[in-house]
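Work out the full structure, taking the sequences as your base and the hints as a guide.
Here the protein sequences come in this chain order: A and B.
Using my numbering, you'd call the opening residue of the first sequence number 1 and step up by one each time.
Using my numbering, you'd call the opening residue of the second sequence number 1 and step up by one each time.
A hint or two may mislead.
Below 20 Å or equal to it, Euclidean Cα-Cα: the simulated EDC-like pairs (lysine to aspartate or glutamate) are [what the hints assert, rightly or not]:
1) 89(B) with 29(A)
2) 89(B) with 107(A)
3) 58(B) with 29(A)
4) 58(B) with 34(A)
Keep in mind the hints are simulated off the structure, nothing from the lab.
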Amino acid sequence: MPHPPIKIVVSGPVGAGKTTFTRTMSTTEVVSTDEVATERIGKVSTTVALDFGSLAVGEQEIMLFGTPGQERFDYMWSVLCEGATGLLLLVAASRPGSFLKARHILEFITSQVAIPYVIGVTHLDAPRHWEIDEIADYFQVPPEHLVALDARSRGDGARALFRLLERCLPEGPTSGQLTALLQT
Amino acid sequence: MSLSDRLQSILNELRSALPDVRGALISSADGMLIAQNVSSGDSNRMAAMVATSLGLGKRMCESFGAGNLSETSVSGDAGQVFIYGAGSKGVLAVINPAGGNIGLLHLECRAAARRVAEVLG
Ligand SMILES: Nc1nc2c(ncn2[C@@H]2O[C@H](COP(=O)(O)OP(=O)(O)OP(=O)(O)O)[C@@H](O)[C@H]2O)c(=O)[nH]1
Ligand SMILES: [Mg+2]
Chain A
1 MPHPPIKIVV SGPVGAGKTT FTRTMSTTEV VSTDEVATER IGKVSTTVAL DFGSLAVGEQ
61 EIMLFGTPGQ ERFDYMWSVL CEGATGLLLL VAASRPGSFL KARHILEFIT SQVAIPYVIG
121 VTHLDAPRHW EIDEIADYFQ VPPEHLVALD ARSRGDGARA LFRLLERCLP EGPTSGQLTA
181 LLQT
Chain B
1 MSLSDRLQSI LNELRSALPD VRGALISSAD GMLIAQNVSS GDSNRMAAMV ATSLGLGKRM
61 CESFGAGNLS ETSVSGDAGQ VFIYGAGSKG VLAVINPAGG NIGLLHLECR AAARRVAEVL
121 G
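Below, the structure written as structure tokens:
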């Protein structure tokens, strides 16, 4: 019997790579709601409503819902978290100024819905960045809750998703599912 | 007149043409409040929400084959919010009590949205 689809929320501060991640991982047409950014945020556009994409891992369908990162859109966090199975919180290692916001988002979402999460650390290739261990200390979570990824890389994204599925599925994902993830 | 004065006067004229309207605001497409004439509530938050709604509406038009979005609205039992695209950069939103002359409201608001689009360039 096919499993019901799993809903994963992708959240985190501006520029962490939420939209990029969804575009990288989705095998169906992505719904993106990016608009030209008025403020200087280090990139041209910013998400105002959501990102939506989906992929199948073997029999298992996974739906990705990306949130906006700007705090003025915070009402979307709870809208998008309804019925979610897991949370991928992205943080850019090169933007320590955004860590407090990331922590705020993590606390907000997990207090609304008690779902498993993984912190995906992006931008580790930046010349100046925090190391994974330092970020784990900052968030006061065990290092195994963190995973390094470049949101532009499908392999990295698959590994991050796999880590999250390990925490979401009672029996855990199978190695076949990881292979399937990496092959899609 | 400065850009924000011009936008403010568009809103003020709209409010005088539509006395029942409870508030009007202009935001950027990415949800930053630009001008407002709203008597109660958090206008910064409203500006963000209006941009969310318009942004989603745009993608819905694409997905449903409805072309380019011109406007969208949200209705409750005590009022309605009408949201108009104002060029590619701006959004005009008007809060109206339930009922009233919606035809006149659209006429005035669409004209105002065109003026906002011109000012924002
Ligand atoms: N160098 C580098 N660039 C990355 C990495 N991950 C993502 N990016 C880039 O960082 C940018 C992230 O932008 P978005 O995906 O729009 O970020 P977002 O989190 O959706 O931001 P908001 O919607 O504004 O909150 C894109 O230009 C990506 O190509 C990484 O690990 N290294
Ligand atoms: Mg985004």
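Regarding the pair residue 89(B) and residue 29(A), is the alpha-carbon distance no greater than 20 Å? 25 Å, violated
Against the 20 Å threshold, does the CA-CA distance of residue 58(B) and residue 34(A) hold or violate the hint? 11 Å, holds
Taken at face value, is the distance from the CA of residue 107(A) to the CA of residue 89(B) at most 20 Å? 33 Å, violated
Could you grab the alpha-carbon distance between residue 58(B) and residue 29(A) and see if it respects the 20 Å cut-off? Status holds; Cα separation ~16 Å.
Hints 1 and 2 from the earlier list are contradicted by this structure; the remaining hints agree with it.
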